[in-house]
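Protein chains: 2
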Amino acid sequence: MVRIGLDVLGGDFAPEVTMGSLALLAPELRENEKIVLFGDREKIEAYLLQNPQFTLFTEVVHAPEVIGMGEKPIKAFQAKPNSSIVKGFKYLKKAKIDAIASAGNSGAMMVGAVHVINTIPGVIRPASVVMIPKISGGFSVLLDVGTNPDAKHDVLFQYGLLGSIFASSVLNIENPKVGLLSIGEEEKKGNLLVQSTFQLMKEASNYNFIGNVEGRDLFNDKTDVVVCDGFTGNIVIKQIQAMYRIMEKRGLLDDYFSRFNYELQGGSPIIGINGNVVLGHGISSALAIKNMVLLARNLALSKLNQKINDAVQDFPL
Amino acid sequence: MVRIGLDVLGGDFAPEVTMGSLALLAPELRENEKIVLFGDREKIEAYLLQNPQFTLFTEVVHAPEVIGMGEKPIKAFQAKPNSSIVKGFKYLKKAKIDAIASAGNSGAMMVGAVHVINTIPGVIRPASVVMIPKISGGFSVLLDVGTNPDAKHDVLFQYGLLGSIFASSVLNIENPKVGLLSIGEEEKKGNLLVQSTFQLMKEASNYNFIGNVEGRDLFNDKTDVVVCDGFTGNIVIKQIQAMYRIMEKRGLLDDYFSRFNYELQGGSPIIGINGNVVLGHGISSALAIKNMVLLARNLALSKLNQKINDAVQDFPL
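Line by line, the protein sequences give chains F and Z.
Each residue of the first sequence is one higher than the one before, counting from 974 in our numbering.
Each residue of the second sequence is one higher than the one before, counting from 974 in our numbering.
These aren't lab readings, by the way, just hints derived from the structure by calculation.
It cannot be assumed that every hint is accurate.
Given that identical chains are not distinguished, each listed pair holds provided it fits within a single copy or across any two copies.
Said to hold, decoys possible - Cut-off 30 Å, straight-line C-alpha distance, at most; resulting in silico cross-link-like pairs (DSS-like, lysine-lysine):
no.: 1; residue 1: Lys-1211; residue 2: Lys-1222
no.: 2; residue 1: Lys-1107; residue 2: Lys-1066
no.: 3; residue 1: Lys-1048; residue 2: Lys-1211
no.: 4; residue 1: Lys-1175; residue 2: Lys-1053
no.: 5; residue 1: Lys-1162; residue 2: Lys-1045
no.: 6; residue 1: Lys-1280; residue 2: Lys-1107
no.: 7; residue 1: Lys-1195; residue 2: Lys-1066
no.: 8; residue 1: Lys-1195; residue 2: Lys-1045
no.: 9; residue 1: Lys-1048; residue 2: Lys-1161
no.: 10; residue 1: Lys-1048; residue 2: Lys-1175
no.: 11; residue 1: Lys-1107; residue 2: Lys-1016
no.: 12; residue 1: Lys-1069; residue 2: Lys-1107
no.: 13; residue 1: Lys-1161; residue 2: Lys-1067
no.: 14; residue 1: Lys-1161; residue 2: Lys-1125
no.: 15; residue 1: Lys-1069; residue 2: Lys-1045
no.: 16; residue 1: Lys-1045; residue 2: Lys-1175
no.: 17; residue 1: Lys-1222; residue 2: Lys-1162
no.: 18; residue 1: Lys-1069; residue 2: Lys-1175
no.: 19; residue 1: Lys-1016; residue 2: Lys-1280
no.: 20; residue 1: Lys-1063; residue 2: Lys-1045
no.: 21; residue 1: Lys-1007; residue 2: Lys-1175
no.: 22; residue 1: Lys-1107; residue 2: Lys-1045
no.: 23; residue 1: Lys-1162; residue 2: Lys-1069
no.: 24; residue 1: Lys-1063; residue 2: Lys-1162
no.: 25; residue 1: Lys-1048; residue 2: Lys-1125
no.: 26; residue 1: Lys-1162; residue 2: Lys-1195
no.: 27; residue 1: Lys-1161; residue 2: Lys-1045
no.: 28; residue 1: Lys-1162; residue 2: Lys-1048
no.: 29; residue 1: Lys-1162; residue 2: Lys-1053
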């Protein structure tokens, strides 16, 4: 049995779109997969009464409080023990669910990830991950995209390992190529952080470091994983999204660029922690929520965390 | 009289495209504007004999040596006093020309900019600038795009002033809005560098700081100038170029995205130094060379350096 927790109250259009995603999820779920709905029991059950076919693959946990988008994460986490996010993390911690997905307050999700679920022993810092569509099909893995804006070189070095394990276990890429995002291919190019990270990575024995890469290599086949600090990664992903949105408005999306629609990916996994956590966008549609839940399901099935745990124990820093 | 120096030997397709650009420049130049050609006199004069109409607006300086794209900048600068780049900078230093433009070895150009021309007194570090097309027309100014990958907060603070003066004097924008590139609009968002820069910028009395901006704001009207360190700026500009090239290949360019063609801008000015210097791309076409030269001309006419000098003296750090 795989149980995926969904924060029914998370997102700008909750609970309508989160509940609405059930219709999209129904045909995608396998027999032994359940969605555990964290929200107001009365409202959820009223909805399920109208849509009894969804009761087959759902469970309800009463969590009526909402952590709003503007609330301070740590404070809200303490003040609202009955919120959907806090209850979700408690269930994840106790292994009553296998993953949690939310389009709610991302700061509160990070508090849950780091302070309730905890970092895997040996992992210096968790990372958030985004998959970028490649022209040839498939995806490249970009990390970190915002969890750790001031990463040091030992953190980036380990992100190479985390990204490599993500690419192999979630995207089924064999011996993934790992590149370091810089402003030139040569060893000496980049800022001081990248230069010193390069010196560590070129000695990496537990992943396949191929050297510096540039922004264009996110889209081609030069590399499978692109490592950078969370500030740079966040800038990069927002830049891509901004250009995507302009293209969309101007009617310029073709079969390749259509794949950049965030709704198709649904969210960003937080990796390097003892649980499967996916953050969605606040503006998530029902389609985005559906894909966020499926991404959480795939994370749970991939045994990513166990593999990261094993790898970190094998190669302590 | 305005004299613009052109490095005839600079660029992957030199000297054919650099000389070929003269045909494109001819109709664009005003009566009192001349192109000073740095290269092999014999070859240039042979070309001019075939195209005598160009002699009206050209002068020739014999500089037969080439600093190759792969050469180490400082070493090459010392070893090749008769190279087109070194001679060009000597002429610029002596005010025999008003600007220099080259699509050659960018490291050697930086050596010339910093060590021959020198930083304007009071300017901490020069910056390289790129103009990004806005959807509504016009451009936003992005700096630094690579000159200074490890900029500190005092440098970024001053880049706000440099960018503001560039926007007003080269792009004729009145009281330009200056934004700091970050990963969220709130004051506390960003890495430590951006957070500490924000604290300086919000007290800026000599330019119009509007707060943090995100990647999308390069394309809209929220700001006129976007400040970042040279690592981030270089990543951003290459990301934009990479997406532009994919769009071009896939036939997706419309009237807006067509404006991202680097050939239309021609190059990046280095600002904060005592002279007008424009770096072109190695792969420059004749069209790109033409626009690089015209950009150098516009810099010279804008009196940018004098204005930066005045502003820095008025508001010493």
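Quick rundown of the hints versus the structure:
1. Taking the shortest Cα distances, Lys-1211 and Lys-1222 sit within 30 Å of each other both inside one copy (16 Å) and across copies (23 Å).
2. In the homo-oligomer, the alpha carbons of Lys-1107 and Lys-1066 never lie at most 30 Å apart, since the shortest distance is 35 Å inside one protomer and 48 Å across protomers.
3. For a Cα distance limit of 30 Å, the shortest separation of Lys-1048 from Lys-1211 inside one copy, 28 Å, qualifies, whereas the shortest one across copies, 40 Å, does not.
4. Taking CA atoms no more than 30 Å apart as the test, Lys-1175 paired with Lys-1053 passes in neither setting, with 46 Å inside one copy and 35 Å between copies.
5. Taking the shortest alpha-carbon separations for Lys-1162 and Lys-1045, only the inter-copy value of 13 Å comes in at or below 30 Å, while the best intra-copy value is 39 Å.
6. Within a single copy, Lys-1280 and Lys-1107 get their C-alpha atoms as close as 25 Å, which meets the 30 Å cut-off; across copies the closest is 46 Å, which misses it.
7. For a Cα distance limit of 30 Å, the shortest separation of Lys-1195 from Lys-1066 qualifies neither inside one copy, at 38 Å, nor across copies, at 43 Å.
8. For a Cα distance limit of 30 Å, the shortest separation of Lys-1195 from Lys-1045 across copies, 27 Å, qualifies, whereas the shortest one inside one copy, 41 Å, does not.
9. Taking the closest pair of Cα atoms, Lys-1048 and Lys-1161 come within 30 Å of each other only across two copies (17 Å); inside a single copy the shortest separation is 44 Å, beyond that limit.
10. Proximity of Lys-1048 to Lys-1175 under the C-alpha cut-off of 30 Å is restricted to the inter-copy arrangement: shortest distance 28 Å between copies versus 42 Å within a copy.
11. In this assembly of identical chains, Lys-1107 and Lys-1016 lie within 30 Å of each other by CA distance neither inside one copy nor across copies; the values are 42 Å within and 46 Å between.
12. Taking identical chains as interchangeable, the C-alpha atoms of Lys-1069 and Lys-1107 are never at most 30 Å apart, the minima being 36 Å within one chain and 50 Å between chains.
13. Proximity of Lys-1161 to Lys-1067 under the C-alpha cut-off of 30 Å is found in neither arrangement, the shortest distances being 47 Å within a copy and 34 Å between copies.
14. When the C-alpha separation of Lys-1161 and Lys-1125 is checked against a cutoff of 30 Å, the pair qualifies both within a copy, at 17 Å, and between copies, at 20 Å.
15. Only within a single protomer do Lys-1069 and Lys-1045 lie at most 30 Å apart by alpha-carbon distance; the minimum there is 27 Å, versus 61 Å between protomers.
16. Taking identical chains as interchangeable, the C-alpha atoms of Lys-1045 and Lys-1175 lie at most 30 Å apart only when they sit on different chains, with a minimum of 23 Å there against 40 Å within one chain.
17. Proximity of Lys-1222 and Lys-1162 under a CA criterion of 30 Å is satisfied inter-copy only: 28 Å between copies versus 36 Å inside one chain copy.
18. In the homo-oligomer, the alpha carbons of Lys-1069 and Lys-1175 never lie at most 30 Å apart, since the shortest distance is 41 Å inside one protomer and 48 Å across protomers.
19. In this homomeric assembly, Lys-1016 and Lys-1280 never come within 30 Å of each other (Cα to Cα): the closest approach is 39 Å inside a single copy and 65 Å across copies.
20. Taking CA atoms no more than 30 Å apart as the test, Lys-1063 paired with Lys-1045 passes inside one copy only; the shortest distance there is 19 Å, against 58 Å between copies.
21. Taking the shortest alpha-carbon separations for Lys-1007 and Lys-1175, neither the intra-copy value of 43 Å nor the inter-copy value of 51 Å comes in at or below 30 Å.
22. Taking the closest pair of Cα atoms, Lys-1107 and Lys-1045 never come within 30 Å of each other, the shortest separation being 37 Å inside a single copy and 35 Å across copies.
23. In the homo-oligomer, the alpha carbons of Lys-1162 and Lys-1069 never lie at most 30 Å apart, since the shortest distance is 48 Å inside one protomer and 34 Å across protomers.
24. Taking CA atoms no more than 30 Å apart as the test, Lys-1063 paired with Lys-1162 passes between copies only; the shortest distance there is 28 Å, against 45 Å inside one copy.
25. For the identical chains of this complex, Lys-1048 and Lys-1125 are intra-copy neighbours only, at 28 Å inside a copy versus 33 Å across copies, given an alpha-carbon limit of 30 Å.
26. When the C-alpha separation of Lys-1162 and Lys-1195 is checked against a cutoff of 30 Å, the pair qualifies only within one copy, where the shortest distance is 18 Å, while the shortest distance between copies is 32 Å.
27. For a Cα distance limit of 30 Å, the shortest separation of Lys-1161 from Lys-1045 across copies, 13 Å, qualifies, whereas the shortest one inside one copy, 41 Å, does not.
28. Within a single copy, Lys-1162 and Lys-1048 get their C-alpha atoms only as close as 42 Å, which misses the 30 Å cut-off; across copies the closest is 18 Å, which meets it.
29. For the homomeric pair Lys-1162 and Lys-1053, the shortest alpha-carbon distance between copies (24 Å) is at most 30 Å, but the shortest distance inside one copy (48 Å) is not.
Consistency note: the structure conflicts with the earlier hints numbered 2, 4, 7, 11, 12, 13, 18, 19, 21, 22, 23.
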